[in-house]
Amino acid sequence: MLEAVRALVPAAQLAWEAPMACGYGACYGCAVEIDGELKRLCVEGPVLCNS
Amino acid sequence: VQLLNASGCLDALTAPDIARALDAFVTKTITPEPRDGNSPVRIAETDSGMLNAIGLANPGRERFLSSTLPQLRALGVPLWVSVGGFAAHEYAETCARLEGVTIELNLSCPNVDEAPQSAAEIVRACRAATTNPLYAKVSPHAWDMGETVRALEAAGADGLSMVNTLRGAALDARLRPKLARGSGGYSGPAIKPVALAAVLAARRATDLPIVGMGGVTSGRDALELIACGATHVALGTVLFSDPDAPSRVHRELVEESLQLGFADPEGAFCAALDPVVTMEN
Numbered sequence: 001m002l003e004a005v006r007a008l009v010p011a012a013q014l015a016w017e018a019p020m021a022c023g024y025g026a027c028y029g030c031a032v033e034i035d036g037e038l039k040r041l042c043v044e045g046p047v048l049c050n051s
Numbered sequence: 001v002q003l004l005n006a007s008g009c010l011d012a013l014t015a016p017d018i019a020r021a022l023d024a025f026v027t028k029t030i031t032p033e034p035r036d037g038n039s040p041v042r043i044a045e046t047d048s049g050m051l052n053a054i055g056l057a058n059p060g061r062e063r064f065l066s067s068t069l070p071q072l073r074a075l076g077v078p079l080w081v082s083v084g085g086f087a088a089h090e091y092a093e094t095c096a097r098l099e100g101v102t103i104e105l106n107l108s109c110p111n112v113d114e115a116p117q118s119a120a121e122i123v124r125a126c127r128a129a130t131t132n133p134l135y136a137k138v139s140p141h142a143w144d145m146g147e148t149v150r151a152l153e154a155a156g157a158d159g160l161s162m163v164n165t166l167r168g169a170a171l172d173a174r175l176r177p178k179l180a181r182g183s184g185g186y187s188g189p190a191i192k193p194v195a196l197a198a199v200l201a202a203r204r205a206t207d208l209p210i211v212g213m214g215g216v217t218s219g220r221d222a223l224e225l226i227a228c229g230a231t232h233v234a235l236g237t238v239l240f241s242d243p244d245a246p247s248r249v250h251r252e253l254v255e256e257s258l259q260l261g262f263a264d265p266e267g268a269f270c271a272a273l274d275p276v277v278t279m280e281n
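Chains A and B, in that order, are what the protein sequence lines are. Just so we're aligned: the first sequence equals residues 1 to 51 in the working numbering. Just so we're aligned: the second sequence equals residues 1 to 281 in the working numbering.
Keep in mind that the hints were calculated from the coordinates and are not lab data. Glycine included, C-beta positions come from ideal geometry on N, C-alpha and C. It is possible that part of the hints are untrue.
Short derived list, chain A residues pointing at chain B, Cβ under 8 Å [said to hold, decoys possible]:
{"hint": "1", "residue": "Ala26"}
{"hint": "2", "residue": "Tyr28"}
{"hint": "3", "residue": "Glu33"}
Pairwise CB distance ranges (calculated) [stated by the list, open to error]:
{"hint": "4", "chain 1": "B", "residue 1": "Asp47", "chain 2": "A", "residue 2": "Val47", "range": "30 to 36 Å"}
{"hint": "5", "chain 1": "A", "residue 1": "Glu17", "chain 2": "B", "residue 2": "Pro34", "range": "24 to 30 Å"}
{"hint": "6", "chain 1": "A", "residue 1": "Ala15", "chain 2": "B", "residue 2": "Ala197", "range": "40 to 46 Å"}
{"hint": "7", "chain 1": "A", "residue 1": "Val47", "chain 2": "B", "residue 2": "Leu171", "range": "26 to 32 Å"}
Only chain A is shown next, with the shape it has when bound in the complex (with noise of 0.2 Å):
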């Protein structure tokens, strides 16, 4: 669903999910793959803008 809004409105802020086990940035568990990218929930996210 996050990649069907994402297309329709690109400047979007979408709250993503992932399983997440540290919280904190150690284990690289919660990272999600945006424009080729890999982002970690916990610390990066889990709203990320779109851009």
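Dock chain B against chain A, hints included.
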């Protein structure tokens, strides 16, 4: 008995207080080149544990040496650097650049496709490249742990770390793997019996120091690893659910030892082995 973290389960720069509660901090594995790691989804919760397939995400050797390592040194905690690679010379080149740290060779990451050279070959190359303390991190999948351990010792390892994660998989409601990679490393309370058996077998084969790890959540768990022959204990998955685990496990370890009639945790060293042997140092 020193308490450490398992590699990849703690970031000392963002959580310095947790790192300072440990006797030494072990870094996430460093490879020669930077790595983004595997595609998400990378972790999944399971009964009594978790799966991860991070894939050795790290900034690479050069950035680690120029940026991360100096910051870690400033914390004042003894450092262990986890070294990874895909050929013996890659491991050795990183070892040659490290000073004043203990080196743990990650010989057993379950989350990369490239098969490493034989563990003993890698240890031999690294031994020639460094005089720093050299620990070999062992896979629990070794068929004959005694033979593996003797080969690593003969190759020049100063100590052993065991166990790394076991390979595991979990499926979602639609019967598809939860991890994008399909399988990953299984850790948490479920693997403690595997860790205990591995340490027991290794202790029967060697007098080298052993960092015992795998499913430790309490002082009792740590004491069991010591009883099987571990000289150090590392905390892994528990750090994700209880960041206070280092000080708690330290405290519980002392209490449990006293309750069992040992003057200190070292008193339980090799209690599970027969005949009884004594701890060096």
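We went through each hint and held it up to the structure:
Look at A:Ala26: its Cβ gets to within about 3 Å of chain B, closer than 8 Å, so that hint holds up. A distance limit of 8 Å between C-beta atoms decides the matter here; for A:Tyr28 the minimum to chain B is near 5 Å, and the interface restraint holds. Here the hint on A:Glu33 is kept, as its CB sits about 6 Å from the closest CB of chain B, short of 8 Å. B:Asp47 and A:Val47 have their C-beta atoms about 32 Å apart, which keeps the hinted 30 to 36 Å range intact.
Evaluation of the 24 to 30 Å hint for A:Glu17 and B:Pro34 yields a pass: the beta carbon distance comes to about 27 Å. Our hint of 40 to 46 Å for A:Ala15 and B:Ala197 holds, since their Cβ atoms are close to 44 Å apart. Remark: the range hint 26 to 32 Å for A:Val47 to B:Leu171 is upheld by a beta-carbon distance near 30 Å.
The structure meets every hint from the earlier list without exception.
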